[in-house]
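Peer 1: Take a look at the letters that make up each chain.
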Amino acid sequence: MSIWEYANPVKFMRTSGAILPFAVAGAAACTLGGLLWGFLTPEDYKQGSTVKIVFLHVPAAMMAINIWVMMLVTSLIWLVRRHHVSALAAKAAAPIGAVMTLIALATGAIWGQPMWGTWWEWDPRLTSFLILLLFYIGYMALWAAVEDPDSAADLTSVLCLVGSVFALLSRYAVLFWNQGLHQGASLSVAPGERMSAVYRYPLYLTMAGFFLLFLALLLIRTRTEIRRRRLAALQAREMRT
Amino acid sequence: MIELGKYAGTVLASYGVSLALLAGLVWQTISANARARRDLERQEKNG
Chain A
1 MSIWEYANPV
11 KFMRTSGAIL
21 PFAVAGAAAC
31 TLGGLLWGFL
41 TPEDYKQGST
51 VKIVFLHVPA
61 AMMAINIWVM
71 MLVTSLIWLV
81 RRHHVSALAA
91 KAAAPIGAVM
101 TLIALATGAI
111 WGQPMWGTWW
121 EWDPRLTSFL
131 ILLLFYIGYM
141 ALWAAVEDPD
151 SAADLTSVLC
161 LVGSVFALLS
171 RYAVLFWNQG
181 LHQGASLSVA
191 PGERMSAVYR
201 YPLYLTMAGF
211 FLLFLALLLI
221 RTRTEIRRRR
231 LAALQAREMR
241 T
Chain B
1 MIELGKYAGT
11 VLASYGVSLA
21 LLAGLVWQTI
31 SANARARRDL
41 ERQEKNG
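Chains as they are written, first to last, in my numbering: chain A, 1 to 241; chain B, 1 to 47.
Certain hints may be false.
Here are the simulated lysine to any residue pairs, SDA-like style, with alpha carbons at most 20 Å apart [to be verified]:
1) A/Lys11 x A/Ala233
2) A/Lys46 x B/Leu12
3) B/Lys6 x A/Pro42
4) A/Lys11 x A/Leu105
5) B/Lys6 x A/Glu43
Simulated from the structure, these hints should not be mistaken for laboratory data. Treat the numbers as computed from the prediction; the structure is a model and nothing was measured.
Start from the sequences, fold in the hints, and give me the full structure.
Peer 2: Shown next, in the form of structure tokens:
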């Protein structure tokens, strides 16, 4: 069996329908469990109770970047193999990625105010995340603006390729420019920099929860797009007869 | 009761904003899917 079979809308609807209940249950259990566990962790000796924001900020930022990477892969599949489900999956993922980026920026600003003394700084990572949000908004606007779905998929795929530079930049900005307020990786494995297990395990659970939440929402939204596409095809056929 | 100390407002604002955004996304996803399914079923029945 080939992976390309899932590019068939009927096969995708059947398979995604079977996976969806497990993805929804896993997302609810891991996200709510992880956030509750994280909320009950003790205060940090330096950051006080603001350390609890890490359980929202890090998973959201992780997903903001990885969703764009997923969109890049599905856009490339569309450009090379012309599988419609692939283009629709990229379209379906964009609003989820935009919300994740917004959460990362909002929690970062709220956290930054007491810790850095400012809501915002034109720091490399913060700035590249803001540009990533603008790319998400531009991507969704382009899908909405172009009437022909194949042309929209072509144009948004090219935009996705360009935006990938900023997705990567937002991940590695701290390493490229050794300046700014934002710290390096939160889950560093370097000796002496490793996060305490008290915070690390609930963070892993929340990260798994955010990934499963993305998966569940992506499946539902892609199914919605496939139904809309089928509806448009039926209506077009009815108009012709 | 969980003690959040002097940063209670900061922590609660972060959780409030994030959960509101996630809830909005989930609601929009489910309602759009339900609408698309209903419209398609109606079209298939009538067509």
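Peer 1: All hints are to be evaluated individually against the structure, with a verdict given for each.
Peer 2: Hint-by-hint comparison with the structure:
no.	hint	verdict
1	A/Lys11 x A/Ala233	holds, 18 Å
2	A/Lys46 x B/Leu12	holds, 19 Å
3	B/Lys6 x A/Pro42	holds, 14 Å
4	A/Lys11 x A/Leu105	violated, 37 Å
5	B/Lys6 x A/Glu43	holds, 11 Å
Going through the hint list in order, the structure does not satisfy hint 4, though it satisfies all others.
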